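Asker: Note that the protein sequences, when read in sequence, are chains A and B. Be aware that the first sequence starts at 0, since it is given in numbering that gives the first Met the number 0, and climbs by one per residue. Be aware that the second sequence starts at 0, since it is given in numbering that gives the first Met the number 0, and climbs by one per residue.
These are calculated hints, taken from the structure and not from any lab test. All values reported here derive from a predicted model rather than from experimental measurement. Do not rely on the hints blindly, as some may be mistaken.
Pairwise CB distance ranges, derived in the manner of DEER restraints [claimed, not checked]: (1) A:227 x B:76: 47 to 55 Å; (2) A:62 x B:269: 36 to 44 Å; (3) B:232 x A:128: 51 to 59 Å; (4) A:62 x B:230: 53 to 61 Å; (5) A:161 x B:72: 37 to 45 Å.
Where chain A lies over chain B, by a calculated footprint (3+ residues, C-beta under 8 Å) [unchecked claim]: (6) 128-136; (7) 153-164.
Note that the Cβ used here is the ideal one computed from N, Cα and C, for glycine as well.
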Amino acid sequence: MLLEVEALDLRYGATHAVRGVSLSVAEGEIVAVLGANGAGKSSLMRAIAGAAAASGRIRLAGSDISRMPAARRVRAGLVLVPEGRQIFVSMTVEENLLVGAHTRRDRAVARDLAAVLERFPNLAARRGQPAAVLSGGEQQMLAIGRALMARPRLMMLDEPSLGLSPILVAQLFDLIAALNRQGIAILLVEQNTQMALETAARGYVMELGRIRTSGSAAELARDPALADAYLGAAAP
Amino acid sequence: MSGYLTGVLALLAINVIFAYGIFITAAAGQLNLGGAGFQAIGAYGCALLGLEAGLPPGPAIALAALLGGAVGFLISFPVLRTRGVYMVLATFAFAEVVAGVILNSERLGGSMGLILQDYVDIGIILPVAGGVVLFAFYLMSTRVGLAMRAIHDDEAVAELMGVHTRAVQVGCFALGGALAALSGALYALYYGFVEAQVFGPLLSIFVLLYVLIGGTQTAWGPLVGAAFFTLLPEGLRSLAAALGVEPELGRAIEESRFLIFGVIIVAMMILRPQGIVTRDLLERMLPRRRRGAGHG
């Protein structure tokens, strides 16, 4: 397994956001985490990325990263594309991408930058402009491109389709599938369950901070528990 | 060169170094309103190293700057626990503590100040200032400079991208403290005299204004800001003299120059809240280098 999360627990003060969650992502797999707003999906992502202090065990490619600060987890190959794009607005497109390569010391950064710009022609056309002028879709591409610059083994995406038009959402899921074919494992948090289950091999459904159910994408698509989770049925 | 012009240039060079000390932290998103405290540490440190340890100016300046860096490093830990306006207050309080310690220490001359035996002239100060400016431009062009700007924009996301935000912020406080202390050491040796009153709250406010009015987005900001603030009052003074107005009216203009100055500052804040020099401005002024090149 590439990522193994065991009994992860996260509290913000009185709020118990993540309650004993265990999940795994295999090398080269796409895994979706589904659930209603407030189910704890984003908190789970932040805890795995090291942006929130959680208890429990997180292993990446067999080594324990539970105590590592966020920056070292990036170097280990785990990168989170946070919810709401969160680009560096006063910096240019190119500078945003270069921040993504911050943990790298190798000589291939320039080559990877060229590859990312080739993949996203809209970004290439605006590489010298402040990122603040990009459209919502372009900002999401920039956030993903920036994460790619870290050369991740596992990319976590938190609600990447939020606020995008249907055409852009389709392009986004094509992109996710393409990245996966390159060998990057994907852990995807999505509200768009249909698209997520079409793209992912497996999924977990979260409810009130717990994993309610899990299974292959096909099983989950038929599982009434998924609909329940979104309709806010009471926890078992 | 006239004595007056030399004096203005020396003050400008010292203010430029001081401004970069504050800029280094501001570029990474931290406002340091304790500039006067760091400059005082450099000035008094240099004075004591000369008077009591008998060090010549060169080593005294270097050690005083190191002392400022060490203090910056140490206070960064409590200061970085605060955010926003509380950080501004914490750094301000630090400067007040430094001033309080000096005023109450007989060894530091109390309110009487200290007279230095050594002297450095503009031949030393100008090259040092030039070196500091070049270093700041170099720093901002490195991956550390990029990380500083990322932290300025969004600390949490910078951390998610692998930037050790805390290490960068602590480093900025240490480096900024060292530069502010360096400017203090040069100040002490140029004027040959240090007194606590010089390093008061107004000085901290002014140097932060140099940086904020100049702009924190690029390394040009503090240079332009310090020049603006140092030369404008002198320019207003010269203007009154050059107009050859009645001595009384001339004095009135000279005295009201701070009023005019204040109005200009307020106007700047309204019209250019990002500072005089922004990346956008540079983009429009400089030839379009690298645009579209190197890919595709």
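Asker: Run every hint past the structure and note whether it holds.
Answerer: Evaluated hints:
1. The hinted window of 47 to 55 Å between residue 227 (chain A) and residue 76 (chain B) holds, with their beta carbons roughly 49 Å apart.
2. For the hinted restraint 36 to 44 Å between residue 62 (chain A) and residue 269 (chain B), the CB-CB distance of approximately 54 Å leaves it violated.
3. Taking 51 to 59 Å as the suggested C-beta distance range, the pair residue 232 (chain B) and residue 128 (chain A) does not conform, at roughly 38 Å.
4. A beta carbon spacing of about 58 Å between residue 62 (chain A) and residue 230 (chain B) agrees with the range 53 to 61 Å that was offered as a hint.
5. Between residue 161 (chain A) and residue 72 (chain B) the beta carbons are some 41 Å apart, a value that agrees with the proposed interval 37 to 45 Å.
6. Restraint check on the stretch 128-136 of chain B versus chain A: 0 residues with Cβ-Cβ distances below 8 Å, three needed, restraint violated.
7. Check result for the stretch 153-164 of chain B against chain A: holds, 11 residues qualifying (beta carbon to beta carbon below 8 Å, three or more required).
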